[in-house]
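As you go down the protein sequences, you meet chains E and W in turn. Using the working numbering, the first residue of the first sequence is number 514, and each one after it goes up by one. Using the working numbering, the first residue of the second sequence is number 711, and each one after it goes up by one.
These are computed hints drawn from the structure, not numbers from a lab. This list has only true hints and no planted wrong ones.
Computed list of chain W residues with no C-beta within reach of chain E, every gap over 12 Å:
hint: 1; residue: Ala998
hint: 2; residue: Gly1073
hint: 3; residue: Phe1254
hint: 4; residue: Asp1280
Computed far set for chain E versus chain W, every beta-carbon distance over 12 Å:
hint: 5; residue: Ala558
hint: 6; residue: Ser563
hint: 7; residue: Tyr564
hint: 8; residue: Thr566
hint: 9; residue: His567
hint: 10; residue: Asp568
hint: 11; residue: Gly571
hint: 12; residue: Ser584
hint: 13; residue: Ala587
hint: 14; residue: Gly591
hint: 15; residue: Ile594
hint: 16; residue: Leu595
Beta-carbon label-pair distances, calculated as ranges:
hint: 17; chain 1: W; residue 1: Val1289; chain 2: E; residue 2: Met611; range: 21 to 31 Å
hint: 18; chain 1: E; residue 1: Met611; chain 2: W; residue 2: Leu1325; range: 26 to 36 Å
hint: 19; chain 1: W; residue 1: Val1282; chain 2: E; residue 2: Arg537; range: 38 to 48 Å
hint: 20; chain 1: E; residue 1: Arg537; chain 2: W; residue 2: Val1289; range: 28 to 38 Å
Here a beta-carbon is modelled for each residue, glycine too, at the ideal position from N, C-alpha and C.
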Amino acid sequence: MISINHYLILSAMLFAIGLFGVIRRKNLLMLFFATEIMLNSVNIALAAISYFTHDLTGQIFAFFIIAIAASEVAVGLGFLILMYKRMGSLDLDNLQIMKG
Amino acid sequence: MEKLLYITLFAPLVGSIFAALFGGCKKNILAGIVPSALLFIGTIAALIQLSAVLDGQVISATMFEWIASGNFRVDFGFAADQISVVMMCVVTIVSTLVHVYSIGYMSHDEGFNRFFSYLSLFVFSMLVLVMSDNFLGLFIGWEGVGLCSWLLIGFWYKKPFATWAANEAFIMNRVADLGMLVGIFIIFWQTGSLKYTEVFALVKSIDPAILSLAAVFLFIGAMGKSAQFPFHTWLADAMEGPTPVSALIHAATMVTAGVYLVVRSHELFALTPDVSFFIACLGTFVAAFAATMGLVNRDLKRIVAYSTLSQLGYMFVAAGLGAYWVALFHLMTHAFFKALLFLGAGNVMHAMHDELDIKKMGGLYKPMRGTAIMMIVASVALAGIYPLAGFFSKDKILEVAFGTHHYILWAMLLITAVLTAFYSFRLIMLVFFGRENYKEHFPSLHPHEAYWYMLAAMSPLAVLAVIAGFFEHSLTALLEKAMPIFHPHMSTDTVMMLIAVTTVAVVCSISFTLYKYNKGGFSAELENTFLYKLFYNQYYIPEFYNRFLVIPYTKLSEFAWKKVDLKIIDFVVDTIALVIYKSGEKSRHIQSGNLSGMLRWMVFGLLILIIFAALYSPIK
Chain E
514 MISINHYLIL SAMLFAIGLF GVIRRKNLLM LFFATEIMLN SVNIALAAIS YFTHDLTGQI
574 FAFFIIAIAA SEVAVGLGFL ILMYKRMGSL DLDNLQIMKG
Chain W
711 MEKLLYITLF APLVGSIFAA LFGGCKKNIL AGIVPSALLF IGTIAALIQL SAVLDGQVIS
771 ATMFEWIASG NFRVDFGFAA DQISVVMMCV VTIVSTLVHV YSIGYMSHDE GFNRFFSYLS
831 LFVFSMLVLV MSDNFLGLFI GWEGVGLCSW LLIGFWYKKP FATWAANEAF IMNRVADLGM
891 LVGIFIIFWQ TGSLKYTEVF ALVKSIDPAI LSLAAVFLFI GAMGKSAQFP FHTWLADAME
951 GPTPVSALIH AATMVTAGVY LVVRSHELFA LTPDVSFFIA CLGTFVAAFA ATMGLVNRDL
1011 KRIVAYSTLS QLGYMFVAAG LGAYWVALFH LMTHAFFKAL LFLGAGNVMH AMHDELDIKK
1071 MGGLYKPMRG TAIMMIVASV ALAGIYPLAG FFSKDKILEV AFGTHHYILW AMLLITAVLT
1131 AFYSFRLIML VFFGRENYKE HFPSLHPHEA YWYMLAAMSP LAVLAVIAGF FEHSLTALLE
1191 KAMPIFHPHM STDTVMMLIA VTTVAVVCSI SFTLYKYNKG GFSAELENTF LYKLFYNQYY
1251 IPEFYNRFLV IPYTKLSEFA WKKVDLKIID FVVDTIALVI YKSGEKSRHI QSGNLSGMLR
1311 WMVFGLLILI IFAALYSPIK
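Model the full structure from these sequences, guided by the hints.
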């Protein structure tokens, strides 16, 4: 039997993978992927809790997050393309223009 | 009538603000003329008020409620009663004339506009002091004249000694003002009011011991302002200021504020005979003490300053012996002839290009006849020869001392009168007659008379120095409405005899002086005697103050600065700044501009927050 804990552990693992990616990756595109993984881990948790508590609010939340994430990715990828044209690279170590 | 009071009070303030508008500009003759004209209007208003209060009426005006806090209530009120109106007239008349004189005297000075702004501000402060109907207003005026005195002594602020003298005057007055403030506190504590009429109605019911204390503290304030011993050193040093300032502030008006305070509070001092007797003794002492210093000094203005000090002593004797009207009378006559003497000294200084040593002058009568005649008139008035002003007021003081059986005081004052005659005529002889010493010292100098309007401004003072003595009866008629008029009980013969003794002594002294200096003066050997050195060095009192007060205080300040301030306070403050600065310098590297580095820091912070949330979470 699959219980809520299985879903939550999956969600936590996905979140940890996403966070690791955010920290380790140097490519800006990969950073985007990692944040998407983190967003979706949260979606899994919301949908699962919603299912087990018989409350639809969580699933509606998940829908909203998917919609917003889609538009965010659309805008973000646009920026990335522009940035690549300007800088010629998406490596974070080469993108230090605000050094304190 | 209230309007006249306001005109007298605020005309100088308007003049001061007007002159101040030109403060940063080049010399503008308007900055001198407008304040003088305004003061003249104020003088006329004061004279009209004088005629109004003759019948015993008091003009009073309350501008607004000044302070109201619990039981403490003070109105911003002014009153022209019989005592203050005399002062108002003296102050406005002398200051108008000095203003006109200054237009000529300061005509080549860079700070012409600034000078008139300060001078008018002084007159305003003095009028606040005189016209206020409560002790607090008096104190405000008291501090105001102190400030203006400081500004004007240090007017030529590029001269180091001028700024030093200004600070000396200000600091010494501050010490005395503390005493005065304590006196005012005691009065409020005992009577619950600061208004003269209310306070003096209640003084009889106060415990005599506390009343004496109040009188003592008030008199300490008066001692500072009137430069009585031991606060006297500032007055001679104050002569560093421009000469019109010496005439107006340090002879005619401000220094007499102490006498005015005692006369104003005569109801209080009349109930404290011990304090009053002390005032009389101190006055006698200062009169003689200052006269001896005047005997030998060589500085033209300092001699006149010591003479002022000596005459202030006379006024305090009269006030201390209960003859308050005589004190006010001598204050009035002294204001006229002493201002005249100073303005004459100013003319001499101009002619001699600011040389002050009278031994380097001589024979100035020919080129400066007008000044010489007026200074001789003033000196005769100061010496007290009939029928000039000084005769009436000074003889009255001697009569009072004799009539109240204070024979020692009388004898001292008589000797002082002899000394006064000597030093006044020594000055006249050395400056205007005898050998023309300036020709040796300054071969290219051609002394010239002052502008005609400077002499014109002096002439009313000369007239007043001659005739002011005849106002005696009108003054008593005026003042008897405000205070008991004290007359010593003596037969006419005794009075005549006293007058004869004084006059003979003074005339002998003058003749001796004239004879001696005609013959060429005293031999130089006299300068080596002990007494000469003692007098010339002002009894070594400035030296004493310097060695036992100024130098230890400077050392203490140095210690506090170098050890306490720099090593402790500054160190603590600097350390705090240094810690913040260093930590900022160290943590600057976090802001590398590298996004993944910053994200790592963010995650690190997030983890810490989660740990905290877990540790301190209310849900367990």
